[in-house]
Amino acid sequence: MSIRHRLGVVLAFTVMLLAILGPLLTGDPTAQPDPVGGRLLAPSTAHWLGTDAFSRDVLSRLAHGARLSLLIAAIAMTTAGSIGVLFGVVAGGVRGLFGWTTSRAIDIALALPRIVVLLVVVAALGQITPVELGLVLGLTGWPSIARLVRGEALRLREETHVTAAVALGAPPARVIAREILPGTLPPALVAATLGVADVVLLEAGLGFLGIGVSPQLPTWGSMILQAQRHLAEAPWLLLAPGVALVVATAAATLLGDALRSRLAPGSR
Amino acid sequence: MSHWAVRRTAEAVALTILGAVLLVALVHLLPGDPLNAIIGERALDPATKALLREQWGVDHPLPVVLGDFMVGITRGDLGISYGEQRPVATLLAERLGPTLLLGSLTLLITFTVGMALGLWSALRPRSRRAQLLGTLTLITYTLPSFVIGLVLVWVFAVSWQWLPSAGLDDPLLPIDATGGAVLLDRIRHLILPLATMVLATIAVPIRQQRSAALATVAAPWVMAARARGVSPWRIAWQHVWRPAVTPVITLLGLWLPLLVSGAVFVEYVFAWPGVGALIAEATGTRDIPVVIGAGVLLVAAVQLGSLIADLLYRVATPGTVES
Chain A
76 MSIRHRLGVV
86 LAFTVMLLAI
96 LGPLLTGDPT
106 AQPDPVGGRL
116 LAPSTAHWLG
126 TDAFSRDVLS
136 RLAHGARLSL
146 LIAAIAMTTA
156 GSIGVLFGVV
166 AGGVRGLFGW
176 TTSRAIDIAL
186 ALPRIVVLLV
196 VVAALGQITP
206 VELGLVLGLT
216 GWPSIARLVR
226 GEALRLREET
236 HVTAAVALGA
246 PPARVIAREI
256 LPGTLPPALV
266 AATLGVADVV
276 LLEAGLGFLG
286 IGVSPQLPTW
296 GSMILQAQRH
306 LAEAPWLLLA
316 PGVALVVATA
326 AATLLGDALR
336 SRLAPGSR
Chain B
305 MSHWAVRRTA
315 EAVALTILGA
325 VLLVALVHLL
335 PGDPLNAIIG
345 ERALDPATKA
355 LLREQWGVDH
365 PLPVVLGDFM
375 VGITRGDLGI
385 SYGEQRPVAT
395 LLAERLGPTL
405 LLGSLTLLIT
415 FTVGMALGLW
425 SALRPRSRRA
435 QLLGTLTLIT
445 YTLPSFVIGL
455 VLVWVFAVSW
465 QWLPSAGLDD
475 PLLPIDATGG
485 AVLLDRIRHL
495 ILPLATMVLA
505 TIAVPIRQQR
515 SAALATVAAP
525 WVMAARARGV
535 SPWRIAWQHV
545 WRPAVTPVIT
555 LLGLWLPLLV
565 SGAVFVEYVF
575 AWPGVGALIA
585 EATGTRDIPV
595 VIGAGVLLVA
605 AVQLGSLIAD
615 LLYRVATPGT
625 VES
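Order-wise, the sequence lines are chains A and B.
In the working numbering, each residue's number is its place in the first sequence (first place is 1) plus 75.
In the working numbering, each residue's number is its place in the second sequence (first place is 1) plus 304.
Any given hint could be a false lead.
Computed footprint of chain B on chain A; a stretch qualifies when at least three of its residues, placed anywhere within it, have a C-beta under 8 Å from a C-beta of chain B [unchecked claim]:
{"no.": "1", "region": "99 to 106"}
{"no.": "2", "region": "293 to 303"}
Simulated crosslink set (SDA-like; lysine to any residue; CA at most 25 Å straight-line) [said to hold, decoys possible]:
{"no.": "3", "chain 1": "B", "residue 1": "K353", "chain 2": "B", "residue 2": "T378"}
{"no.": "4", "chain 1": "B", "residue 1": "K353", "chain 2": "B", "residue 2": "L400"}
{"no.": "5", "chain 1": "B", "residue 1": "K353", "chain 2": "B", "residue 2": "L322"}
{"no.": "6", "chain 1": "B", "residue 1": "K353", "chain 2": "A", "residue 2": "L161"}
{"no.": "7", "chain 1": "B", "residue 1": "K353", "chain 2": "A", "residue 2": "Q202"}
{"no.": "8", "chain 1": "B", "residue 1": "K353", "chain 2": "B", "residue 2": "G588"}
{"no.": "9", "chain 1": "B", "residue 1": "K353", "chain 2": "A", "residue 2": "L306"}
{"no.": "10", "chain 1": "B", "residue 1": "K353", "chain 2": "B", "residue 2": "L366"}
{"no.": "11", "chain 1": "B", "residue 1": "K353", "chain 2": "B", "residue 2": "G383"}
Derived by calculation from the structure, the hints in this document are not laboratory data.
No residue lacks a Cβ here, since even glycine has one placed at the ideal position from N, Cα and C.
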């Protein structure tokens, strides 16, 4: 394991620790102990990362935001991964009209920029819960995984173990499920891990635009939205969620790289 | 070649139309009553509500909605904005100029500077400065564009007060200001959004150009050129860069969606009156005709860009076999 990969593991553990233990140790993220005198306080021993414009503790909001981000990312990547693998394996492994149609469906989905689909869906749905947002992000994130899995399945289809299975008389469904599908899972896992970075950024982006989940929820995006109004007097409001975002996305990117060198050493 | 170009163009048009159909269908099939977006917080009696439903056609079945939309598009009619009560096409036309200005400058700077930096770091991959560049690109790659934008605002607009933080021009500029003063003001307003867009998107061409050039640096013809004493500049330009340019052209098509999402967030941060800020604002107010109209425009832009990238790729690699 290289230093970069170790760093990825360390950063990922940091975010998970913040998400799992943070909310237990930091108290209520919505408490407004002193809305008059306790607002926009600089970092101190009482409030390690200061307070926001409503006197709420920034560290507590950051920890709860980490929990929401990870929840949303987990749902999104499970959804995107399952749909992506299903479409990709069918498009790459099944011959004939069915495979061809699935393949074109992937191409059409890839032609739509994700952010545009996301905004259209959010505009139609209005305010949604974090779980629903996770599903929406998953349903807009599968095409890139499907493309990767399709390429992998097309390559595997020509391998000797697949030819052998076909020659032995295995039915097409069995060939796909037992001979092609398992080989596509490692690269799909790598892509899903790398995709976590995109999901975390998009979730924060929607929060920053004040859409998607309720702006009252302590998400990193809504914290950044609030920080924008107080850049002059309270820059730590921007730094805390900004650094958290970098740590989370860098963790996912480095972890994905590490997984790739372990699971799929041949690919770039 | 021309046969292929026609087919590729038809494909881009078909994908744009299919994309438009999908966006319209998506909104129609998802739960959520657009009437709430039209009337907002107002309490209306059922009769008025029924009238509004009819007037805005929110209960029409999907085939009718799709048919209307497609017929409308051919006449340049994208519907009426719920919030502004004005044609969506007019709103888009007003917003197109600023987006094209910001987007084309970003494209120009990101690709020229990105390719130059990528080539430079491939020529001396082990040097301190090249490794520092690698770390910096990883950081800008993981930073969301709106955080980059806000950090620049904090430093250059709030702390040092060198540059304006929002808008296209200064509302306090005298009406009789000279052309030069207006231009200078526009440039001052452009610097921060442009810098943000470039920082948010430049990592990809740098990395791509670097890895492509790293492959050609090791090529035997480069060693041969060095051996016969060709100048380093000429080697960098002719022997390393020229064969390593095609992967970057292919990248253009993949990079455009990045430009689109950059436009949405960066325009929003800087209150830059473009299409990206329009779709973000319209999503917030659930102004669905505007969201769809701007969305279709962005889909078309991405398709056009990837079409141009494919055509350029063909020109750059004349030997490519028809696939």
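Against the structure, the hints come out as follows:
1. 99 to 106: violated (count 0)
2. 293 to 303: holds (count 3)
3. B/K353 to B/T378: 31 Å, violated
4. B/K353 to B/L400: 34 Å, violated
5. B/K353 to B/L322: Distance ~33 Å between B/K353 and B/L322 Cα, so the pair is violated.
6. B/K353 to A/L161: At roughly 44 Å apart (the allowed maximum being 25 Å), A/L161 and B/K353 break the hint.
7. B/K353 to A/Q202: 22 Å, holds
8. B/K353 to B/G588: 22 Å, holds
9. B/K353 to A/L306: 43 Å, violated
10. B/K353 to B/L366: 21 Å, holds
11. B/K353 to B/G383: 20 Å, holds
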